[in-house]
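*Asks:* Taking the hints into account, I'd like the entire structure generated from these sequences.
Going down the list, the sequences are from chains Y and S. Quick note on numbering: UniProt numbering labels position 76 of the first sequence as 76, and the sequence is numbered without any gaps. Quick note on numbering: UniProt numbering labels position 63 of the second sequence as 63, and the sequence is numbered without any gaps.
The set of hints was computed from the structure by calculation and includes no laboratory data.
Mimicking SDA-like on lysine to any residue, the simulated pairs with C-alpha atoms at most 20 Å apart in a straight line are:
| # | chain 1 | residue 1 | chain 2 | residue 2 |
| --- | --- | --- | --- | --- |
| 1 | Y | LYS153 | S | ARG40 |
| 2 | Y | LYS69 | S | GLY86 |
| 3 | Y | LYS153 | S | ASN38 |
| 4 | Y | LYS21 | Y | ASP90 |
| 5 | Y | LYS153 | S | MET48 |
| 6 | S | LYS24 | Y | GLU52 |
| 7 | S | LYS24 | Y | GLN95 |
| 8 | S | LYS56 | Y | GLY109 |
| 9 | S | LYS24 | Y | ASP90 |
| 10 | Y | LYS107 | S | PRO11 |
| 11 | Y | LYS153 | S | ALA37 |
| 12 | Y | LYS107 | S | GLN57 |
| 13 | S | LYS56 | Y | VAL122 |
| 14 | S | LYS24 | Y | ALA91 |
| 15 | S | LYS24 | Y | ASP93 |
| 16 | Y | LYS69 | S | MET12 |
| 17 | Y | LYS74 | Y | LEU27 |
| 18 | S | LYS56 | Y | ASP111 |
| 19 | Y | LYS69 | S | GLN57 |
| 20 | Y | LYS107 | S | ASN10 |
Here the structure is a predicted model, which means the values were calculated and not measured.
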Amino acid sequence: MRITDLLRAESIQLNASPADKAAAVDLLVALHSKAGNLTDQALYKKDILAREEQSTTAIGCGIAVPHAKSAAVKRPGLAAITVPGGVDYDAPDGQPSTLFFMIAAPKDGGDTHLEILSRLMVMLMDETFCQRLLSAGDVTEFLACIDQQEAEKYPDEVPAPASAPEQAQEQGYRIVAVTACPTGIAHTYMAAEALEKKGSEIGIPLKAETQGSGGAKNILTRDEIAGADAVIIAADKEVDLSRFDGKHVLRVPVAEGIHHPEELIRKAPDAPIYHHTGAVAQEEIRESLGRKLYKQLMNGVSHMLPFVIGGGILIALAFLLDDPSIDYANFGTNTPLAAWFKNIGGVAFNFMLPILAGYIAMAIADRPGLMVGFVGGSLAVSGATFLQPGGGSISAGFLGALIAGFAAGYLMLGLRKLCDRLPRALEGIKPVLIYPVVGLLIIGLFMCVVNPFVGMLNNALYAGLASMNEGSRVVLGFVVAAMMAIDMGGPFNKAAYLFGTSTLATADIAAGGSGVMAAVMIGGMVPPIAIALATTFFGNRFTPEERKSGPVNYIMGLCFITEGAIPFAASDPLRVLPACILGSGVAGALSMLLGCASPAPHGGLFVFPVMHNVLGYFVALAVGSLVGMLLLAILKRKKA
Amino acid sequence: MVSAKTTIINPMGMHMRPAQLFVKTITPFGCDVTVIANGREINARSIMNLMAACIKQGTEIEICCNGSNEADCLKAAVALVESGLGE
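*Replies:* The structure is reproduced here in structure tokens:
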């Protein structure tokens, strides 16, 4: 006779506040009646009160166990309430009672009553257990606590994990089930286990899919659903039923799955046939692939974020502590203090892309992927090629690192598949020799093939910009600024930046410097600012984590540290990049139009004082950032 | 320490009311009381422990008293059990 079998969800009430002993009794009796344990509520109450007349059933420590053996009891059962405020139940220790279990035992129940009582005491003697019950947020959690405690105190009774599904697989399942509960930790799995166990007990093969907090497990396949006679949905939250169109579908609370598995299995084939209205989710596999890719990507982005923030703030401090007038070209490293901050921040920045690639690869191929992705990301940054293995001058930027991460992950996955064919005796040397060595070779070859294309692209872009120099300055401003935002450190960005600094050489520094340089700088400042603005004013487009890291982008944007935008761009490139590119382009064009010019290649806000037409530059920056923000708000979907 | 064996005779065993009575009877003596039942030692001054032990009718128990008034306490406890724990 397990407590879990006796106590139903409907006979539990948490956080009750009965005024006195009589009110507490009324409440508990009503709960028993609600759970269907009684034939005669009034008679049962009379028997309970008669028992209380003899002596109180409060036993101290805040616990009370009112009980009666009564002819009015249909089946043995328990009702429970928690009273956080406590109620006077004449306890022997004079303390108010907070935790009530009322036992209903049949008149001729033999030792049932003593067994239930004993079991309750064994469990309740544990004070932390009582505390957990009292602080349970909902009935599901309350029941999960009890189940856990009972399993702990009576380990012999815990059902062995069902190995039945394997046997049943050949002839298919007669019943399929889905279990789910709001928290998705305990009841989902208890219900699935109860159903599968009962199914194998009574010879009806049953497979239960659990939609718990860790995602769906033991997922039902299309064939399994097609082959089943009926479907049981034991869930306290929304379950997508489109898969079960045209089947007999029995929908019950998750507790039913735990307490009455046999009844459900017997009843399910007689349940009404479910007709789904609306689109049937056809592409289950493709959809899950998209989600998988997104999760792999985000694994890289979330690990990269601290490097971006830490490095970015230190570099911003370097600009704050430096004096641009000493040497414009080396702004940020002119004074020893500034140089220290800039270099330390730079070290963090140098890890950014390898971390991104490494953790993407790790999400795909597990531990063997980490090193390969890390090195792949590093090679993307260094721009290594076969002719210049030590690193070319052109970094493949964050887009290159994304390619490296995914390539490393899937190459390693392929390598692991291939290695499955090796003799078992070689199992031990796979992770210590084969994966690292072969993986490193593969990613080295791969990146050296990819990088030259990046270099060629860079050269072509640079040449294109040089030829544009003769044409419209406004268009040129738009293009260089937009390029800064395309890959934030890759070939586009580098071509534009290099072109900008090359114009400095011929520009008249005394007259304010180069207009192209100003446009380049503004193009790199807009993306972080636009993103920071969007996280502030359109927070519902971002995850909570993104919202929290958003404000740092104001600082990075104003300091011309475009990298601040990378985590956002990497996690949603198809929406974030167009917004940034257009915002930057608009700012660059305006900067040119208004005749702004800069004598310094770097520094953002800190070199504004030495720039030409600072007011116009401010206007251009503000307009471009607002354009970027609005586009982000339009393009990005609202998060639920 | 003194001890004696006896048998639970009341039909319902050591449920709540008998346990309450047992604790109430032995407490005034001020000695430690241990009940050995079903191979387990139970601190008989705790009503929860007594009930948790699930001592049914016909179970032979050993009552051990240790401390002040231990002999009187044992005598009272055995008499209580043999009288059917008030039932």
